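Visitor: Respectively, the protein sequence lines represent chains A and B. For the first sequence, our numbering gives the first residue as -16, with consecutive numbering after it. For the second sequence, our numbering gives the first residue as -16, with consecutive numbering after it.
A portion of the hints provided could be inaccurate.
Okay, derived cross-link-like pairs now, DSBU-like style, lysine-lysine, Cα gap no bigger than 35 Å in a straight line [to be verified]:
hint, chain 1, residue 1, chain 2, residue 2
1, A, K339, B, K124
2, A, K221, B, K339
3, A, K257, B, K339
4, B, K328, A, K221
Derived from the structure by calculation, the hints contain no laboratory data. All values derive from a computational prediction rather than experimental measurement.
Protein chains: 2
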Amino acid sequence: MLSENVSSYIENNRDRFVADLAEYLSIPSVSALSEHRDDVGKAAEWVKGRLEMLGFSARVCPTDGHPIVLGRSPEVAGAPLLLVYGHYDVQPPDPLNEWVSPPFAPDIRGGYIYARGATDDKGQFLTYVKAVESILAAEGKLPLNLIFLVEGEEEIGSASFEKFLVAHKDELRANAVAISDGSQFMHGAPAITYGLRGLCYFQIDLQIPRIDLHSGVFGGMVHNPIQVLATLLASFKKPDGTVALPGFYDDVLPMEKWERDMTATLPLDVDALKNYLGVTELVGETGYSILERRGARPTFDVNGIWGGFMGEGAKTVIPARAGAKVSMRLVPNQSYARIEEIFRKYVADNMPPDAKVTITDLTSAAPVLVSRDSAAMRSAERAIEAGFGKKPVFVREGGSIPVVNLIKNHLKQDNILLLGWGCPDDGAHSPNERFCLDDFIRGIRSTAALFFELAG
Amino acid sequence: MLSENVSSYIENNRDRFVADLAEYLSIPSVSALSEHRDDVGKAAEWVKGRLEMLGFSARVCPTDGHPIVLGRSPEVAGAPLLLVYGHYDVQPPDPLNEWVSPPFAPDIRGGYIYARGATDDKGQFLTYVKAVESILAAEGKLPLNLIFLVEGEEEIGSASFEKFLVAHKDELRANAVAISDGSQFMHGAPAITYGLRGLCYFQIDLQIPRIDLHSGVFGGMVHNPIQVLATLLASFKKPDGTVALPGFYDDVLPMEKWERDMTATLPLDVDALKNYLGVTELVGETGYSILERRGARPTFDVNGIWGGFMGEGAKTVIPARAGAKVSMRLVPNQSYARIEEIFRKYVADNMPPDAKVTITDLTSAAPVLVSRDSAAMRSAERAIEAGFGKKPVFVREGGSIPVVNLIKNHLKQDNILLLGWGCPDDGAHSPNERFCLDDFIRGIRSTAALFFELAG
């Protein structure tokens, strides 16, 4: 439920909320690039400042990497404690030349705000801050206790987060955790995510000849590392869409009947999706629907590849080196440690004798499945109905949020509410990322309702 | 034969010849890169100037691309006319960080001069100029007529050369043509090349999704263009080392017995070759020796590949686009037009429906086979014996020289002498390209002897 007072406040302060979001988005807090280190720090300070303005005691905690912002609301005796997770760092904006407006100069067009981080995760996280502000302004006090935990390395694998959780685990024990980093199922179909895929991400660097070679003089007598790499990568996928790594599917939990039934009812607009993607057919693992492939089946993708001459014109070279970045999305109960073992062995077994291969583990995350039947989940369901005017659907997401596992494991936390107000076609990780401003407002409403529902 | 006068002159002027070569090498005449356009012009002027200094009437002829230098020696009545071909442009020097000394700051170490173009083709071409100088200084006049035809686009496919030949064909009729762009078989084994491989070179650009995609949200439902490209490229080669294109071998002329016998006697130091290449095994088409694979069998190579995220760390993207540069070395009687047809059809037949593929023809050359039994060939054989102190071996080269075909076809010229003084391990097209200064001198001696042998 959402009271009239809170509802009105949110409506009346919309423009100021949007302006505040724009200010937050204008800080280029790109965690992956060292030249933005100072901007990342600025964004942390900005978040801390906003929390303090709401009466939270907040601090910017240094780590070995980017800082973590920790804020706690004034104590409400006897009320439950909700831990809210978000991240203030954003993906790199490249390729820059494909943005209509600059990635860090937020622009409002057609009811959307366009900027890197608009949905992932600044717009979504800010709804929690604005919900607090709205409740305080309308009701004078919060109905529950809140801890806001906002990190700056989510886009680069959250390297400092685990150590922080371990060091602060007593301080962070809560009745439930809300993760701001989720998504609606589609525009107009708010969702609660109950499953996430896991992730393994590797870089393969391969060298065969000692030096670059003239392809006339040496073509036909040596292995070309690009050919070897292409052959290796091609071998990872079978024509039926499955991943060819031996043992890859051993630990995959089959979907339960109720899951397949429910997934089949999700309102997927296949034509709109094809249009968005610019394709006429959607492909993937035989025997599974589009949504099942995305949410409940593991995959293999090459994220980048390079080698040899990439410049203007023709250079008849056999390069010495080639490389690729590859990743696998995992599902319960696949273990990324086991998959890494299988992967490394497979690569080693499929290299010619003179290949010098280096495999670097760049990041990883375990897959997640959360029970839908808890009181916290039911509260979230009612809160979204209040905020959006319709019940949420339950989905298994295709992406990974590594911190969810860390929170589950280190804080012994099973009540994980994976919520989100942005949409899959908002371009997270792509140029022209955006966030619907009406959904920004609905998200603030839902979050405020959530606080009241959890308080009982 | 080489007279004592000419021989002494060459020996006594060695240092000055080397200094002159260094000056020529210091001009960064990189034809492939537009930022070096002026340097290319400078190199043309340098060549023209050197020819004029020798009494040639010379001019720098503009073309739609880089200019062509044309020089003619003073007429010697009743003597044959030799057309000498060379090129004053060089390959791009990248990767720059692998050069010990800068590519355009010639450095002499261990008896070699190191610079881009040291062997290909500046060092080799300059031997003809120095041979003329030496004969004029020692004997007062040349024994034959010479035309020097020096282009500036050999490294980028000689686009202007054909038009020039057609426009000047009457002016360029000669009794024989010497091509400076060949190679010794190996250090200490001078060679005459009687065969060249042909070349087809294509760029494949592939796009599937409309935009870059988040691999969590969309992984498992769309074709990844890197995966499609890798699978395509992998399919071009079979495990036995042959090229899988249907019909690729249809027109290949089998080697004759005498060729296979002779090739088997060539003094190939396999261990030194493996060492140079940094490999423990040499691979290639089953049923053929190393040299047969290089000289008389066609091949397929990927020269460059790119797509997706290549930067620091992990970006979980499915890119919209990927691309590659591929080339095929051809042998007589394969036709590059026919191979291009086969190639384009094969790519089109192996693309998923939503793939948008563009194939760009970047350059091509027909394969070449020259008769070894002509008077001109015999003259060249004696000249090299005089210059190097040993008979040359006869080899089929692995590389391509497109202008040879143009000369054959447009100038109706069969007496083509493919000569060279550099060696395969000189790093043509690689960093730290070099030329042995003793061989520079032997080349000048051989060229001077050639002029006398051809004059009869």
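Visitor: Looking at the structure, which of the earlier hints fail to hold?
Guide: 1
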